[in-house]
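Asks: Residues per chain, in single letters:
Number of protein chains: 2
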Amino acid sequence: MRIAYLGPEKTFTETLTRQIFPDAELVPMIPIRRVVMAVERGNVDLGVIPLENIYNGHVIHTLDSLTRCENVRIVQERKMKVVHCLGALPNHGKITRIHSKDQALEQCDQYIFENFPDAELVLASSTSEAAAYIAQSGYLDSAAIASEAALKQSGLEIMAVDICPNNFTRFIVLGRNLTPKTGDDKTIVAIHPIKRDQPGVLADITDIFRSQHINLEYVHSRPDRDNGYYFYVELDGHENDENVRNSIVAIRYSLDARHKHPDTLKVLGSFPNSHWKDEN
Amino acid sequence: MRIAYLGPEKTFTETLTRQIFPDAELVPMIPIRRVVMAVERGNVDLGVIPLENIYNGHVIHTLDSLTRCENVRIVQERKMKVVHCLGALPNHGKITRIHSKDQALEQCDQYIFENFPDAELVLASSTSEAAAYIAQSGYLDSAAIASEAALKQSGLEIMAVDICPNNFTRFIVLGRNLTPKTGDDKTIVAIHPIKRDQPGVLADITDIFRSQHINLEYVHSRPDRDNGYYFYVELDGHENDENVRNSIVAIRYSLDARHKHPDTLKVLGSFPNSHWKDEN
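Top to bottom, those sequences are chains A and B.
Sequential numbering from 1 applies to the first sequence in our numbering.
Sequential numbering from 1001 applies to the second sequence in our numbering.
If you're looking for bench data, these hints aren't it; they were derived computationally from the structure.
Every residue gets a Cβ at the ideal spot worked out from N, C-alpha and C, and that includes glycine.
There may be inaccurate statements among the hints.
What the hints assert, rightly or not - In the DMTMM-like style, the derived pairs of lysine to aspartate or glutamate whose C-alpha atoms are separated by at most 25 Å in a straight line are:
#, chain 1, residue 1, chain 2, residue 2
1, A, Lys-10, B, Asp-1162
2, B, Lys-1094, B, Asp-1045
3, A, Lys-81, B, Glu-1014
Stated by the list, open to error - Stretch by stretch, here's where chain B covers chain A in the computed footprint (C-beta under 8 Å, at least three residues):
#, region
4, 123-129
5, 213-220
To be verified - Pair by pair, the computed Cβ-Cβ distance ranges are:
#, chain 1, residue 1, chain 2, residue 2, range
6, B, Ile-1158, A, Val-249, 47 to 55 Å
7, B, Thr-1182, A, Ser-274, 27 to 35 Å
8, B, Arg-1176, A, Phe-113, 18 to 26 Å
9, A, Pro-165, B, Asp-1278, 29 to 37 Å
10, A, Ala-160, B, Asn-1243, 20 to 28 Å
11, A, Lys-81, B, Tyr-1253, 49 to 57 Å
12, A, His-261, B, Thr-1182, 31 to 39 Å
13, A, Ile-194, B, Ser-1274, 23 to 31 Å
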């Protein structure tokens, strides 16, 4: 089996992909759209990309890329704990500079704020790159934020472990087949109203879901480059559940009663609910 | 006047901040939370941070940081066009590798997909770093995506201009005072329902806005780390407009009729509508 994942190699995404598919051939690809298109065209069997990080929010390129496809569907979700550590050279002195990737620095802002309020923060292309840089430069006043493995691999001493607690990333597995119902599923849809800047479009949509007793896990409106919006909605239920089917029919009718526009609601996938936020 | 902005120096954020405040003292800060806290504590007069990019979506750290503050308010929004170009050494051959920052590679995915479907993509810590790397390495099979200025500064030849069309970033200016009404304003609020995972909470909220004829520009639900949600809503109107005031009162009442929780709705700011998406 051939599995594409968002590269580069030696990242959390590769680790997770290897965990899910221990025996598959893994192919790193950058950017997200290449992974999605490789699944779309059947160049690979499945793809693994990030959907959301607890601290950084949703990866909008993932949702946008899926919306532009015909064949790709979300078939599974998996969470992974991201453990950031602080490391420096064993003989380090007072730390006045901290190197890491921008997203990692943002995730660890509370720790930095409390422990190194005056440190200069320096951007690296990846967290492991930051660790390698400290080792190569020999700077004794500098530290890196990276995984414990990356810090140790660069010969750095671990100064603090898990400095951004409860940091989870949710990944999705992409395939081309409908996932069967399990009785505890979620569905992500992209809704594209034709009406623009009109009070109440979102209220009309959420009214329909409420009337079918469907809990919404996530709602996100997104400009569509044409002065309109997409609404990304993640809801509890499978697209073949009766109340979800009813909602989809009702929303399509509400947005486009004459069926002139084929794309007012697109199902990006139904998949088993992993309750990924529960153990935070 | 002292203005903090999201660093590092020599980025689009610095350019924009200099345009708005040509005579001010500018102080770069990383990460976003430092800018917000500098305004919160009065260490600077104002702050400038990104809120949204048309391709990458919202900067969730901006909204999360504002929600955690007492004094900071959004007082202005400004858009800036981001023009990405492709550059390589003047005597370059066939391009097989493209270097840039991850967000820039994602933004330019359509161009790369059409023009360099097989190129290896390599991450850099910033777009200007990518340009400098190509120049230093002397690689003739590699190109960088960066601003025209950064490519030229590194002595690279411009191969293509504006390869990610209509790429705008919306920045916000942070202050500590209420912005007066202009008659064409927007307001961003953070809503924190006490009820959790209950069908209809969002529908109740959007119903209230619809009943007051308020157009919602943006809605985003966000996990709150306690199994609940924040809803970030951007709406047309000023917080002192009667219909916005009515909505706020009604939402607070609907979420917490006995006023036991002070933080069910927080206004992050009202500011003049720049109609930033109109000229896309």
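Asks: Each of the hints needs a verdict: does it hold here or not?
Replies: The hints, checked one at a time:
{"no.": "1", "hint": "Lys-10/A - Asp-1162/B", "verdict": "violated, 32 Å"}
{"no.": "2", "hint": "Lys-1094/B - Asp-1045/B", "verdict": "violated, 50 Å"}
{"no.": "3", "hint": "Lys-81/A - Glu-1014/B", "verdict": "violated, 34 Å"}
{"no.": "4", "hint": "123-129", "verdict": "holds (count 5)"}
{"no.": "5", "hint": "213-220", "verdict": "holds (count 8)"}
{"no.": "6", "hint": "Ile-1158/B - Val-249/A: 47 to 55 Å", "verdict": "holds, 51 Å"}
{"no.": "7", "hint": "Thr-1182/B - Ser-274/A: 27 to 35 Å", "verdict": "violated, 47 Å"}
{"no.": "8", "hint": "Arg-1176/B - Phe-113/A: 18 to 26 Å", "verdict": "holds, 19 Å"}
{"no.": "9", "hint": "Pro-165/A - Asp-1278/B: 29 to 37 Å", "verdict": "violated, 42 Å"}
{"no.": "10", "hint": "Ala-160/A - Asn-1243/B: 20 to 28 Å", "verdict": "violated, 50 Å"}
{"no.": "11", "hint": "Lys-81/A - Tyr-1253/B: 49 to 57 Å", "verdict": "violated, 39 Å"}
{"no.": "12", "hint": "His-261/A - Thr-1182/B: 31 to 39 Å", "verdict": "holds, 36 Å"}
{"no.": "13", "hint": "Ile-194/A - Ser-1274/B: 23 to 31 Å", "verdict": "holds, 26 Å"}
Of the numbered hints given earlier, the model fails hints 1, 2, 3, 7, 9, 10 and 11; all others are met.
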